[in-house]
Amino acid sequence: MARRIMLIPVSTGVGLTSVSVGLVRALEQKTVKVNFFKPIAQPRSGETGPEKSTQIVTQGSPINPPTPFALDYAEQMIGDGKGDDLLEEIVERFESKINDDEVAIIEGMVPTRRQPYAGRVNREIAQTLGAEIVFVLTPGNYTITQIEDRLEIAAGNYGGIDHPRVLGCIFNKVNAPLDEEGRARADLVDAYKPEELENELNRLASLPIFKKNPFMLLGAIPWDFDLVAPRVKDLSAYLKATIINEGDMLHRRLRRITFCARTVSNILNYFTPGALLVTPGDRSDILVAACLSAMNGTKLGAILLTGGFEPEPRIMALCEQAMQTGLPILATDADTWRTSLLLHNFNMEVPNDDDQRIEKVKDHNAEHINSNWLDTLAQSVGKTRKLSPPAFRYLLTDKARKAGKTVVLPEGSEPRTIKAAAICGQRGIAKTILLGDREEIMRIAQQQGIELNEHVSIIEPKSIINDYIAPMVEIRKSKGLTAVVAQEQLQDNVVLGTMMLEQGKVDGLVSGAVNTTANTIRPPLQLIKTAPGSSLVSSVFFMLLPDQVLVYGDCAINPDPNAEQLADIAIQSADSAAAFGIEPRVAMISYSTGTSGTGADVEKVREATKIAKQKRPDLIIDGPLQYDAAIMENVALKKAPNSPVAGKATVFIFPDLNTGNTTYKAVQRSADLISIGPMLQGMRKPVNDLSRGALVDDIVYTIALTAIQAAQAEALIAH
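Using the numbering used here, the letters of the sequence shown correspond one by one to residues 45 to 763.
Treat the hints as calculated values from the structure; they're not laboratory data. On a predicted model such as this, the values are computed, not experimentally measured, just so you know. Just so you know, not all the hints are guaranteed correct.
[To be verified] With a cut-off of at most 25 Å between alpha-carbon atoms, the simulated DSS-like pairs for lysine-lysine come out as follows:
id: 1; residue 1: K277; residue 2: K343
id: 2; residue 1: K573; residue 2: K549
id: 3; residue 1: K463; residue 2: K521
id: 4; residue 1: K523; residue 2: K463
id: 5; residue 1: K692; residue 2: K682
id: 6; residue 1: K549; residue 2: K463
id: 7; residue 1: K692; residue 2: K657
id: 8; residue 1: K463; residue 2: K277
Kindly produce the complete structure, drawing on both the sequences and the hints.
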């Protein structure tokens, strides 16, 4: 029987949906099969479309939850005295989708003025489904005694605080800035005191209720302004604002609101990254000052002009260059007072289409759920054989943290690279070294609001080049390299970073956000070379399908490997899969399956399969297999019924670069998948190439991959 966990809100405003999706993500990261159920939808006034919690929880996740019952339908059933019938229908819908899944997260109703019956309905649903209870609440400005009283009153509806089905509670919005009534307020930026977080966490953990009962603290989720930062487009839609300059309103986020009633000199300190500047439309001095700030690199959130005034054309001409930086400028007919009231009532909940913010909410909240409790849930239901994308990403960052490695980033002044380095430092994924001009790097970081902590170092290339001239000449002396030429080549940061890696000053190298693949890979091939026992360097992509992660190789390096080389690529890729938690079942891909086809290309794959099996009899490997036979069970039953791989392959080895790269891009684009890579295999020390279109997250995960590879290489040498 499925383990059933029901989240019960103690009051309104607890962030129930964010806790629900965070708990689902945490279980996915533990490789626990999980599903979600919101029995009764609870839309806000005027809200239409799919139920919000259900839609958000499925984004980036393979789960397929049941559809909630419409609120109108549920209220009609309850009003007609058919509450028991409604419960039966809820059970039927639950069992039809979730009965065979291991853990079900059930989201209760929030008691509101419009749904005062929510507490009773939650109790009846929990009892009907046999769910275990977890309360969700915010600490607000309550005392320890008041928090305990609230929990005991809530637990009274479910048999009391010591009832076996009452597991514990999760605190959300811990250390949030509060108004006079104790409500968390995203607009109270100046009231936020991050230094008090640890004391607040300790205060909550010290509740006597956790010591005298089996009732547990199952999570304490800190407040994070990034999780409540809306896009400019969301605010614009809410205000029905006139768009004077669209700029980057689809992606820019608002982190504070500043009403510009003062003189320019007294307001400049508030021109910060993410600030929404609200000013009457005829205050051209404020508008011009803000535009100058944007031109100087401050990434303001947006400018909102009130009162129905729009700037004169000559003022707009002065602002043209600032608008080209992506600065959104909006206007509203409401005066500043009316606008402030509208902003106060702006719904800060994450919209269904804000994928970036949804992912941040899921990962942040998952990180602060009690890991020991999650382990008990995992142990009670076992683990899945397929590694989900969230679990894979968690595995990467977790392994990288444990590796404790240092990765050099030759493109140190590239903005995405700086941001990725900062994230790696903040999350403890790896220490990084940015190669580049210190002043330029710090200026870019400041402009983007990026804080570089002690895990991010900056090294100016000119200060260390001379240290690597002699070692480089020694390595390349057989090629006739001179000190003068070596010094010239070391002006290239990729070459310099490669020498730092070769000399053991760093553990890995990541480049390619600006440089080409050839420029990234050539220096390591010349200076670091292949690992002992490796005949070639190859690559793999990790393809993050909705329900599992697959490995594709080689899609980036070897144009037309022979059978021996193809066998080595298969072995390297299988070992990489295993190293990253993916059970390797290797499919050697061809246009023909088994013995049905002939020709040089098929024979090469057939021979490569034979060689790989001889070299590594421990591997599960088969080929030649067509792609559909390798991945689809129903096709496999017809084309290769006796294959140990067909229908369940996790590692796909393509016969040449043309096939591999085309397939990787076709699958990625047509299915809108995330892929991580290419990760290079066979190097003596890890070097990895980025796509020039890489996003910040791509760089972060590539750094994590590199750190893990470094630890594995070190372990092999020690062994």
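Checked hints:
no.: 1; hint: K277 to K343; verdict: holds (16 Å)
no.: 2; hint: K573 to K549; verdict: holds (17 Å)
no.: 3; hint: K463 to K521; verdict: violated (38 Å)
no.: 4; hint: K523 to K463; verdict: violated (39 Å)
no.: 5; hint: K692 to K682; verdict: holds (14 Å)
no.: 6; hint: K549 to K463; verdict: holds (23 Å)
no.: 7; hint: K692 to K657; verdict: holds (18 Å)
no.: 8; hint: K463 to K277; verdict: holds (23 Å)
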